[in-house]
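> Its first residue numbered 1, the sequence shown is counted upward by one per residue in our numbering.
Simulated from the structure, these hints should not be mistaken for lab results. It is possible that part of the hints are untrue.
Estimated spans, in silico, between C-beta atoms of each pair [claimed, not checked]:
| hint | residue 1 | residue 2 | range |
| --- | --- | --- | --- |
| 1 | R37 | P89 | 21 to 29 Å |
| 2 | L160 | D103 | 37 to 45 Å |
| 3 | P161 | D103 | 40 to 48 Å |
| 4 | A110 | N162 | 33 to 41 Å |
| 5 | T54 | N162 | 45 to 53 Å |
| 6 | T21 | P165 | 34 to 42 Å |
| 7 | T13 | P42 | 22 to 30 Å |
| 8 | P165 | S41 | 27 to 35 Å |
Using N, Cα and C, we set each Cβ at its ideal position, and we do this for glycine too.
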Amino acid sequence: MNTILETSTTLPTGIWKVDATHSHVGFAIDYMVGTFRGTFSPFDATLSVDEDGTAALEGSAPVSGVRVQDENLAGHLQAPDFFDAERAPEIGFRSTGIERSGDEVTVNGALTIRGEAQPVALTGTVSELAEDPYGGVRFALRLVGRIDRTAFGINWNNPLPNGEPALGNDVTLTAELFLVRS
Numbered sequence: 001m002n003t004i005l006e007t008s009t010t011l012p013t014g015i016w017k018v019d020a021t022h023s024h025v026g027f028a029i030d031y032m033v034g035t036f037r038g039t040f041s042p043f044d045a046t047l048s049v050d051e052d053g054t055a056a057l058e059g060s061a062p063v064s065g066v067r068v069q070d071e072n073l074a075g076h077l078q079a080p081d082f083f084d085a086e087r088a089p090e091i092g093f094r095s096t097g098i099e100r101s102g103d104e105v106t107v108n109g110a111l112t113i114r115g116e117a118q119p120v121a122l123t124g125t126v127s128e129l130a131e132d133p134y135g136g137v138r139f140a141l142r143l144v145g146r147i148d149r150t151a152f153g154i155n156w157n158n159p160l161p162n163g164e165p166a167l168g169n170d171v172t173l174t175a176e177l178f179l180v181r182s
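Working from the sequences, and respecting the hints, build out all of it.
In structure tokens form, the structure reads like this:
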């Protein structure tokens with residue numbers, strides 16, 4: 001694999017589509033005494049970067065694509081207690097601003113869950129550009145952010161015997177996006 005050096009303070013120009021086979025979008029939340037994790041599959045994302053450095057990142061995932069280890073729990077996550085898939089079948093993200101400094105990036109945007117759009121800030125890293133073995137050019141965008149699930153109307157909880165809530169409110173979002181120039 002050949003590396004193409006990218007030293008700009010902007011992202012590489014062009015239209016970049018997510019390589020979903022090699023990418024990951026997930027979430028983590030405190031549950032009782034540990035951390036519960038899930039993923040979304042399928043999902044889609046596109047990064048558009050103009051010659052002047054203006055960039056826009058958009059992504060979406062069907063709520064039916066939430067993946068967890070237990071089928072019953074997956075069904076509960078589809079229900080009105082959580083994502084309310086029947087009323088709001090898609091989760092979406094649209095950036096409002098992207099800033100890069102070296103290999104660090106901040107993506108501000110609006111995350112829509114249950115039809116409710118809320119601001120979110122994602123931070124992370126950008127890899128160098130690389131030519132892949134298939135003749136394409138790609139790079140990785142790794143992002144992490146935190147949201148309060150109650151801001152989206154996800155209020156379900158179940159108290160533990162000590163009175164504490166079983167489920168935390170803060171959700172950590174992660175995205176490891178392999179982007180291929182289209």
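> Determine for every hint whether it applies to the structure shown.
The hints, checked one at a time:
The hint said 21 to 29 Å for the Cβ distance between R37 and P89, and at roughly 22 Å that hint holds. The hinted window of 37 to 45 Å between L160 and D103 holds, with their beta carbons roughly 42 Å apart. Distance hint check: the CB atoms of P161 and D103 are about 47 Å apart, consistent with the given range 40 to 48 Å. Under the hint 33 to 41 Å, the C-beta atoms of A110 and N162, about 37 Å apart, fit the expected range.
A hinted range of 45 to 53 Å for the beta carbons of T54 and N162 is consistent with their spacing of about 51 Å. A beta carbon spacing of about 37 Å between T21 and P165 agrees with the range 34 to 42 Å that was offered as a hint. Taking 22 to 30 Å as the suggested C-beta distance range, the pair T13 and P42 conforms, at roughly 27 Å. For P165 and S41, the Cβ-Cβ distance of about 28 Å falls inside the hinted range of 27 to 35 Å, so the restraint holds.
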